[in-house]
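**Student:** Sequence:
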Amino acid sequence: MQTVRESIGLRAAVAAWKAQGLRVALVPTMGALHAGHLALVAAAKEQAHRVAVSIFVNPLQFNDPADLDRYPRTEEADAEALREAGADLLWLPTPDSLYPEGFATTVHVAGVSDRWEGEHRPGHFDGVATVVAKLFVAAAPDVALFGEKDYQQLAVIRRMTSDLGLPVDIVGHATVRDSEGLALSSRNALLDEAGRAAAPTLGAALREAGAAILAGERVEAALSAARARLDAAGFGPVDYLAYVDADTLEPLAERRENGRLIVAAFHGKIRLIDNICVDPDTVDGSWSPRR
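Using numbering that gives the first Met the number 0, the letters of the sequence shown map in sequence onto residues 0 to 290.
I should point out that these hints are in silico values taken from the structure, not numbers from a laboratory. Misleading hints may appear alongside valid ones.
[To be verified] Dumping the calculated SDA-like pairs for lysine to any residue here, alpha-carbon to alpha-carbon at most 20 Å:
(1) LYS268 with PHE61
(2) LYS44 with ALA193
(3) LYS44 with TRP16
[Stated by the list, open to error] Quick list of simulated restraints, FRET-style, between CB atoms:
(4) ALA214 with THR93: 48 to 58 Å
(5) ASP230 with PRO99: 45 to 55 Å
(6) ASP162 with PRO236: 27 to 37 Å
(7) VAL237 with ASP191: 16 to 26 Å
(8) GLU45 with THR105: 28 to 38 Å
(9) ASN257 with ASP68: 35 to 45 Å
(10) GLU256 with SER161: 18 to 28 Å
(11) GLU74 with ASN257: 23 to 33 Å
(12) ALA252 with ALA188: 54 to 64 Å
(13) ALA103 with SER178: 44 to 54 Å
(14) HIS48 with VAL237: 42 to 52 Å
(15) ALA231 with ASP191: 16 to 26 Å
The beta carbon of each residue, even a glycine, is placed where N, CA and C say it ideally should be.
Work out the full structure, taking the sequences as your base and the hints as a guide.
**Tutor:** Structure below.
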């Protein structure tokens with residue numbers, strides 16, 4: 000696996016691959032890699048001939064400087080995991096290389112970014128859209144893969160890529176969970192003992208609410224029961240818990256096709272997010288009523 004830190008080295012590697020007629024995939028990450036990230040690499044290997052992985056803790060998408068400071072950074076372990084996973088290139092850009100002195104441009108995706116995470120983390124999705132646009136310009140991938148755990152982020156990136164006419168196929172990958180149903184996340188490592196014990200309740204509450212909606216229960220009642228379960232498990236505050244249209248992220252008052260449950264809640268100081276598809280005919284890898 001080749002490791003590069005400068006964009007010039009990245010461009011040279013990608014240009015050499017494309018000169019051979021090879022399809023290139025990019026897996027953007029912020030490091031602290033876990034099995035969910037490695038599943039993206041495995042999926043990327045099925046989508047393309049060569050796989051590049053970026054690790055960049057993007058300062059533009061953090062509202063709280065303390066949150067940025069405590070975000071886990073495990074570069075050596077990440078590099079070894081990527082070698083074992085069969086990645087072809089690891090790109091480690093620095094903040095100065097992506098945001099040089101005088102950098103003054105941001106990308107704003109209206110509509111799909113306004114609610115939920117956008118409301119509780121002002122400017123977050125501007126930071127996400129800006130850095131992903133920069134990564135796409137530098138890496139020139141044919142396809143890029145993102146996990147569905149950050150579902151609204153995926154929706155924002157899809158909208159941005161379409162609106163700007165960027166020649167990149169966006170592929171979402173189903174949420175990877177542990178044996179207790181907890182969505183894998185780099186933030187899980189920051190949970191204390193009580194938080195780690197309670198964390199699987201987040202997904203369990205969504206699964207129960209989804210089953211209730213599919214069984215004909217009113218959406219409002221299903222969400223109320225899910226919120227009560229989170230309260231009992233020590234979650235709070237709950238930033239949002241909603242049943243939404245999977246494309247527009249607008250809230251739904253009754254069961255519809257393409258519905259999705261989304262949640263963001265704190266346990267102690269750690270904020271966790273999760274989501275599930277609520278569709279009896281869809282198996283998305285994170286939850287299905289057929290299981």
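**Student:** Indicate, hint by hint, whether the structure satisfies it.
**Tutor:** Okay, the hints, checked on the actual structure:
no., hint, in the structure
1, LYS268 with PHE61, "holds (15 Å)"
2, LYS44 with ALA193, "violated (38 Å)"
3, LYS44 with TRP16, "holds (14 Å)"
4, ALA214 with THR93: 48 to 58 Å, "holds (52 Å)"
5, ASP230 with PRO99: 45 to 55 Å, "holds (47 Å)"
6, ASP162 with PRO236: 27 to 37 Å, "holds (33 Å)"
7, VAL237 with ASP191: 16 to 26 Å, "holds (19 Å)"
8, GLU45 with THR105: 28 to 38 Å, "holds (33 Å)"
9, ASN257 with ASP68: 35 to 45 Å, "holds (38 Å)"
10, GLU256 with SER161: 18 to 28 Å, "holds (21 Å)"
11, GLU74 with ASN257: 23 to 33 Å, "violated (39 Å)"
12, ALA252 with ALA188: 54 to 64 Å, "violated (37 Å)"
13, ALA103 with SER178: 44 to 54 Å, "holds (47 Å)"
14, HIS48 with VAL237: 42 to 52 Å, "holds (44 Å)"
15, ALA231 with ASP191: 16 to 26 Å, "holds (18 Å)"
Of the numbered hints given earlier, the model fails hints 2, 11 and 12; all others are met.
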